[in-house]
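Chemist: Chains as they are written, first to last, in the working numbering: chain A, 2 to 345; chain B, 2 to 345.
Just so you know, the hints here were simulated from the structure itself, not pulled from any lab data. Heads up, some of the hints might be wrong.
Unchecked claim - Here are the computed lysine-lysine pairs in the DSS-like style, where the Cα-Cα straight-line distance is at most 30 Å: (1) B:LYS228 <-> A:LYS249; (2) B:LYS301 <-> B:LYS158; (3) A:LYS128 <-> B:LYS117; (4) A:LYS128 <-> B:LYS158; (5) B:LYS247 <-> A:LYS228; (6) B:LYS331 <-> B:LYS82; (7) B:LYS318 <-> B:LYS71; (8) B:LYS198 <-> A:LYS106; (9) A:LYS219 <-> B:LYS106.
Claimed, not checked - These stretches of chain B come out as covered by chain A in the derived footprint (C-beta under 8 Å, 3 or more residues): (10) 100-112; (11) 141-155; (12) 229-239.
Claimed, not checked - Far from chain B, some chain A residues (derived; all Cβ distances over 12 Å): (13) ASN183; (14) LEU184; (15) GLN282.
Fair warning: this is a prediction, and the values are worked out from it, not measured in the lab. Where a beta carbon is used, it is the ideal one built from N, C-alpha and C, also for glycine.
Number of protein chains: 2
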Amino acid sequence: MKLDERKKKILSSVVEDYIASAEPVGSKTLVEKYKLNYSSATIRNEMKILEDEGYLEQVHISSGRVPSTKGYRYYVDNLMKDKNLSMLDINYIDNTITGYGDIGKLLEQAADVVSKILLRPTVLTLKSSDLLEHIKIVKISEKLLLVVIMSQNGTVKDCIAKLTDSIPDERIEELSEVLDRNLLGTPLENLHIALNKMIEKDLQKFSNILGEISESVKYELNKERKKLSANVESILDLPEFSDVEKAKNFVNILSTKEIIDDTLLSIKDENLGIIIGSENQELLLKDYSIITLNVGDKDKTVGKLSVIGPKRMDYSKTVATLKYINHKFKNLLPTESKNNKEMK
Amino acid sequence: MKLDERKKKILSSVVEDYIASAEPVGSKTLVEKYKLNYSSATIRNEMKILEDEGYLEQVHISSGRVPSTKGYRYYVDNLMKDKNLSMLDINYIDNTITGYGDIGKLLEQAADVVSKILLRPTVLTLKSSDLLEHIKIVKISEKLLLVVIMSQNGTVKDCIAKLTDSIPDERIEELSEVLDRNLLGTPLENLHIALNKMIEKDLQKFSNILGEISESVKYELNKERKKLSANVESILDLPEFSDVEKAKNFVNILSTKEIIDDTLLSIKDENLGIIIGSENQELLLKDYSIITLNVGDKDKTVGKLSVIGPKRMDYSKTVATLKYINHKFKNLLPTESKNNKEMK
DNA sequence: ATTAGCACTCGGATGTTTTAAGTGCTAAAG
DNA sequence: CTTTAGCACTTAAAACATCCGAGTGCTAAT
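Using the sequences provided together with the hints, build the complete structure.
Modeler: Here it is as structure tokens:
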């Protein structure tokens, strides 16, 4: 159904007022706060129609209106205006994401700053289908090795392997080069298996040390696959969670990996995905919205940032923030061919 | 004042019941649940005395008793029995703290597992007065360096430095060795300054690259100094925080660095410190208790693990858990002289 | 020294009344 | 035909009132 201008104005006013106030919006508020040149009665009639069409809802029969999922969707698709970030927020982002550290760390910083600006938990999902670009073993003390792993999207991870027997420097270098030559393109999640396989193949002489490296790598990479949820506490400030049971419920959903995993998986590779309320496959998420940014370029994304919270969410500001983050990352990401190819 | 056996028994029963139930404990409960062979009237008389002496409190005139700070203190000092950890908990700890990774990461794992077992937030404070043992620069691609920093207590940190100009391998090695030779013993918090000073001294030729390394090091080390607070959400399950305002309040205290910093600083170098309620200097913490473990040996500690929560806390289990953690760390910590001296 | 018994206190649960915000509808006005 | 004034009606939430039970302190008897 096409909405006429007045209905559009009313709908967007209801959405924006509700986003700001968390209170159901009544006809009088609407007339007073937004310059609608009609009487409250007229607005009431219009709101009734918008409700019949499914854009608005009443929490009870004599209450003001609240946007429905359909209403938010219409707002996001047709009515929402681009918002500019405040200088404050831009500075905050620029000062936090400084460009030191590898992409994994940059993404963590991004998740953190996004959650602070938007006052919503933010889930970071590192792209897991990542392939090994380079591996390097560095001796840092007699019985300690540092294993440096660089993946094809530029993430650098490292871990310590403790040795039971010491081993001469040149053997380490030899091992490092053999591994680097043979393991190119290995999916990171299988790296520890590939390392173990190397023992059987041609590296029996490194049997012990390889086993130890493998264990350490396995631990580090599996750990890293875990998602980071930044700023979960922020929900306590939302009126939606003034009842602690609801807060607990939401925290539980957030920490149930399967729910978040499945949902985020369902987001296609579009750059910015918005799932509102009952659009979620998962029933438990029917009152929440998720806005996900696939960080990076269309063809090559490095991870997902997902802002998650009650449907009542500042969609406009969230989109603006995420777009700015992505813009920033495009500048920060290594221009592939240039930097990565030299690691030996 | 010396308490007779019966009073001791009553006090410890009140404490333990209240710890378990979060409800004020009445004379009848006490007689029934704990094998006190006296009538409720007798118990009431004794409780009155215990209240007059300041060990117990009433939340209102006709309610059961709740331990006061003094009561908890007496319990902790005199009545509390050593508790054995369940096999479940021991296994959980053993499986989580696996010994891969450097001490910083091990401590993070420890904070995490402690908070999960005790269902309380746990703050990890890394020992900040740490000195440089070794620094090593590794080239990982044409314009990326990995800076590995090993401190004297065994923590390994590393960060990426991005270069504007590439630099030949042998120069890197030279630089790495010069730095390692000259910076031994530098406090980590000043490392970036020391690096910059090196430019003025004898390393003008490395001017650019040193600047870039310094920036990166500065960022990484300052970031790491931040405390980690594990499992803040756990408080939502406590009846104390059924009012969300109180939860918010506590979360705010936890995230106000100064409060926690100052308080933790006040804990002497004893291995295990317990601060109960109003024993805290900080007024805001008067309803909370903090149990802190200085991880490591008396002479050489590597960090602090602090379990924080309402005064109603399972002191016995907390102490047992922390002791086990410390025991574990003593085994994991490098035996100083052996491992650390080889990094070149 | 202990305890049965009782009057007393008070928080919390339950029920009732009031208030304020907001609606839908009707009928009149534009 | 559209808009609006006016009013009866609905409901959540706040304010107030009542009741109940867990628990106490004290007295007097054991």
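Chemist: Run every hint past the structure and note whether it holds.
Modeler: Hint-by-hint comparison with the structure:
For the hint linking B:LYS228 to A:LYS249, the alpha-carbon distance of about 24 Å falls within 30 Å, and the restraint holds. The straight-line distance between the Cα atoms of B:LYS301 and B:LYS158 is roughly 19 Å, inside the 30 Å bound, and the hint therefore holds. This hinted pair checks out: A:LYS128 and B:LYS117 have alpha carbons roughly 27 Å apart, not beyond 30 Å. Between A:LYS128 and B:LYS158, the direct Cα distance comes to roughly 24 Å. Compliance with the 30 Å bound is thereby established for this hinted pair.
For the hint pairing B:LYS247 with A:LYS228, the CA-to-CA distance comes to about 29 Å; that is within 30 Å, so the pair holds. Pair hint B:LYS331 plus B:LYS82 holds up; C-alpha atoms about 24 Å apart against a cutoff of 30 Å. A threshold of 30 Å between alpha carbons decides the hint, and for B:LYS318 with B:LYS71 the separation of about 20 Å falls inside it, so the pair holds. Taking the CA atoms of B:LYS198 and A:LYS106, the gap is about 28 Å. The hint holds against a cut of 30 Å.
For the given pair, A:LYS219 sits about 15 Å from B:LYS106 by alpha-carbon distance, which is consistent with the 30 Å threshold. By the rule of at least three residues with a Cβ nearer than 8 Å to a Cβ of chain A, the coverage given for the region 100-112 of chain B holds, with 4 such residues. A count of 8 residues in the region 141-155 of chain B with a Cβ less than 8 Å from any Cβ of chain A is obtained; the coverage claim is therefore met, three being the minimum. Check on the region 229-239 of chain B: 4 of its residues sit with their Cβ under 8 Å from a Cβ of chain A, so the three-residue criterion for coverage holds.
At roughly 18 Å, the least C-beta separation between A:ASN183 and chain B is larger than 12 Å, which holds for a residue marked as non-interface. Remark: the non-interface label on A:LEU184 is consistent with the geometry, its nearest Cβ contact in chain B lying 15 Å away (cut-off 12 Å). Under the 12 Å C-beta cut-off, the non-interface status given to A:GLN282 relative to chain B holds; the minimum distance is some 25 Å.
Every hint from the earlier list agrees with this structure, and none is contradicted.
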